[in-house]
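Asker: Given the coordinates of chain A, work out where chain B should sit on it, guided by the hints.
Protein chains in written order, with my numbering: chain A, 1 to 313; chain B, 314 to 675.
Calculated directly from the structure, the hints in this document are not laboratory data.
A portion of the hints provided could be inaccurate.
[Said to hold, decoys possible] Simulated DEER-style distance windows between Cβ atoms:
| hint | chain 1 | residue 1 | chain 2 | residue 2 | range |
| --- | --- | --- | --- | --- | --- |
| 1 | A | Ser-29 | B | Thr-436 | 40 to 50 Å |
| 2 | B | Asn-553 | A | Glu-196 | 30 to 40 Å |
| 3 | B | Val-423 | A | Phe-251 | 29 to 39 Å |
[What the hints assert, rightly or not] Listed next, the in silico BS3-like pairs over lysine-lysine satisfying Cα-Cα at most 25 Å (straight line):
| hint | chain 1 | residue 1 | chain 2 | residue 2 |
| --- | --- | --- | --- | --- |
| 4 | A | Lys-10 | B | Lys-572 |
| 5 | B | Lys-331 | B | Lys-393 |
| 6 | B | Lys-566 | A | Lys-10 |
| 7 | B | Lys-395 | B | Lys-331 |
| 8 | B | Lys-566 | B | Lys-549 |
| 9 | B | Lys-549 | B | Lys-572 |
[What the hints assert, rightly or not] Partial list, computed: chain A residues near chain B (C-beta under 8 Å):
| hint | residue |
| --- | --- |
| 10 | Met-85 |
| 11 | Val-89 |
| 12 | Leu-116 |
| 13 | Val-136 |
| 14 | Gly-230 |
| 15 | Phe-270 |
| 16 | Pro-271 |
| 17 | Leu-282 |
By construction, the Cβ of each residue, glycine as well, lies at the ideal position given by its N, Cα and C atoms.
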Amino acid sequence: MTTAAATTIKARQRPGDRIFSSATVISGSLILAMLAAVAIFLLVESLPAFVAAPEDFSGDVTNFWSYVGPLVFGTIYSAILALLMAVPVAIGIALFISHFAPRKLAQGLGYLVDLLAAVPSVVFGLWGIGVLAPLVQPFYTTIVEWFGWFTPFAGPVSGTGRTIFTVSIVLAVMILPIITAICREIFLQTPLLHEEAALALGATRWEMIRMAVLPFGLPGIISASMLGLGRALGETMAVAMVLSPSPEVIFQLLTAQNSNTIAANIALNFPEAHGVGVNILLATGLILFVVTLLVNMLARVIINSRKAFSGAN
Amino acid sequence: MSSVLEAAPLTNSLTAGKLPRRSSLWVLLASWAVSAAFFTMLYLSGAVDGFNIVGTAVFGTVLYCVAIYVLSRLVEGSRKAKDRLMTALVTAAFVIALLPLISIIYTTVVNGLPAFLTPTFFTSSQRNVVGAGGGVLHAITGTLLVTGVATLISVPIGLLTSIYLVEYGRGRLARSITFFVDVMTGIPSIVAGLFAFALFALLFNDPGVRFGFGGSIALSVLMIPVVVRSSEEMLKLVPNELREAAFALGVPKWLTILKVVLPTSIAGIVTGVMLSIARVIGETAPLLIIAGFTSSMNYDLFSERMMTLPVFVYTQYANQGADSQAYIDRAWAGALTLILIVMLLNGLARLIAHWFSPKLGR
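Next comes chain A alone, as it looks inside the complex:
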């Protein structure tokens, strides 16, 4: 009897349990395998591009790196511009929903912003060309007239408004919902005692937000911005439709010549590509994949490190 008590009781292993649990493990591992497969297949298919002959590239580009350089520049330039526009507005919206709007309305207003995320990117593209570009073009003319001495605003102004600046506005609108959603979550997690303590000391609502909410939410804001950056880097159709591209590095924001982005370049050229051209486009896609993967991983690491010590969950 005494020896039997020392052994631990083991649950009986039923076939159903084994099958079910291994099915879940397999599908979980399948996801990791899938991510690895994305990287491997893209890498294999893009290898010919790195050694492609100069005549495989259009224009006076001679090797892969000088082909992809302006594209990388355009991708990062437009994404960062979009981020600069979107983050302040997104923080404002998130604060409005979490701390300013009447409690009963707040959730409904949140849905309203989420609706923006439901609009397909191709519709954003149509809207960008049909509505936004003609709307902002007169402003561009004025800006170039008044501030043309400042390099990013130098002329000649685009007659259609289809510039990288317009693209950044569209991208900013598209990444607003995700940044807002994460900021809102984080702001709502601010310990109530911190907020009440600030208010009890006589702080106004804005002072309370600056002393309690924003410092608490800072890592969340940073990672939300990085997730937004990831979205903006990979956004395809809106850029492909709105931008009037040219294969150079161009800092001017308002001219008819703009650096293209990787994703838009693929979408524009892929249907007609053949031979090594396909591999070249796949290789640019691989670079986009690596860049967004790094940005996203960094963002997730920041979010997860916050989870550990916030005590809010």
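Answerer: Then chain B, alone, in the frame of chain A:
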């Protein structure tokens, strides 16, 4: 304003040095009125043609920010003034976000309705159509097939993974799956399309491979992480007491999950799946890459190019024919159809969540 302070000595220390109630509302209306008057004068003097309503709103709001800051600073002091200014700015940020949404929905409806209401729009394809006429039947068929198969692939994998993460997963594998699922939600959609293309181009040794099933694979790469995340959240909401009660009755773990955990959370899971469908049904780039485009019907996922609704919108816009207005009209009508489908899915998902969500008494 400072004379007001001196003229009214501290009769009540709680209300002294404060702007009257609703003063911000009145200041807002006043600044809009001033701005409207200014733009009316511009209009009447003939400097601009037409009354600029956008300019009125923007200029009036800026005027309000300045006016309320100055007024409040004079009466209430700088701290209160800053508070009022920030309140105005934060509210303005929210309104700014709504403007594109309203503008997009308005222009899509206005531009899309003419072609949307033509009788052939939902009954014919684009085969042999040059100029006006034709429809989106082939694109809608393609979208339903491609998205349907993507859902059939994603839901089992996603659901089983979320069950693993909530019910079984401990240790390193679970942690890395959680991390990489999060990372996968950020994969650009076009990379998913390129992956599907690279995969099938190597498998079939065909550098120009295009078919609908590849689109389903690309979409499921985008869809699985969303399904995993949402189902995981829902499974976590199931109270542990239910599981413990089942175990106490001697029910095996897999039956507990199938008969207790899943039925409890099924409404939330269905909501998550519908939201994920709504997310991928509007994806254009991956389908442009791997499914290609065509103007004919194609019911076969495994051979030949297949048109889908988002790609239809894009190609109608990008490859305009002689009668370009007809193509642009069809693009907007396609966009309207797409938005209606996505909104319908979103609305249904929210309604299901609202009606069937477990009442946890929180």
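Asker: The structure should be examined with respect to each hint, and the outcome stated for every one.
Answerer: Now the hints, each set against the structure:
Separated by about 46 Å at the C-beta atoms, A:Ser-29 and B:Thr-436 satisfy the suggested range of 40 to 50 Å. A hinted range of 30 to 40 Å holds for the C-beta pair B:Asn-553 and A:Glu-196, which are about 32 Å apart. The hint said 29 to 39 Å for the Cβ distance between B:Val-423 and A:Phe-251, and at roughly 37 Å that hint holds. The suggested pairing of A:Lys-10 with B:Lys-572 holds, with an alpha-carbon distance near 23 Å, which does not exceed 25 Å.
At most 25 Å may separate the alpha-carbon atoms for a hinted pair to count; B:Lys-331 and B:Lys-393 meet this at roughly 9 Å. Among the hinted pairs, B:Lys-566 with A:Lys-10 is consistent with the structure: their alpha-carbon atoms are about 14 Å apart, no more than 25 Å. As the CA atoms of B:Lys-395 and B:Lys-331 are separated by approximately 14 Å, the hinted pair is consistent with the 25 Å bound. Taking the CA atoms of B:Lys-566 and B:Lys-549, the gap is about 16 Å. The hint holds against a cut of 25 Å.
Restraint check for B:Lys-549 and B:Lys-572: satisfied, since their Cα atoms lie roughly 16 Å apart, inside the 25 Å limit. The interface hint given for A:Met-85 is violated, since its Cβ lies 10 Å from the closest Cβ of chain B, which is over the 8 Å cut-off. A least Cβ separation of about 5 Å between A:Val-89 and chain B falls short of the 8 Å threshold, and the interface hint therefore holds. Because the beta carbon of A:Leu-116 sits about 5 Å from the nearest beta carbon in chain B, less than 8 Å, this interface hint is met.
Below 8 Å, beta-carbon pairs count as interface contacts, and A:Val-136 has none with chain B, the closest being about 12 Å; its hint is therefore violated. Interface restraint check for A:Gly-230: the shortest CB-CB distance to chain B comes to about 4 Å, inside 8 Å, so the restraint holds. Interface restraint check: A:Phe-270 against chain B, minimum CB-CB distance 6 Å, threshold 8 Å, status holds. Taking 8 Å as the C-beta cut-off, the interface hint given for A:Pro-271 holds, the closest approach to chain B being about 7 Å.
Interface hint at A:Leu-282: satisfied, since its Cβ lies 6 Å from the closest Cβ of chain B, which is below the 8 Å cut-off.
The structure is inconsistent with the numbered hints 10 and 13, although it conforms to all the rest.
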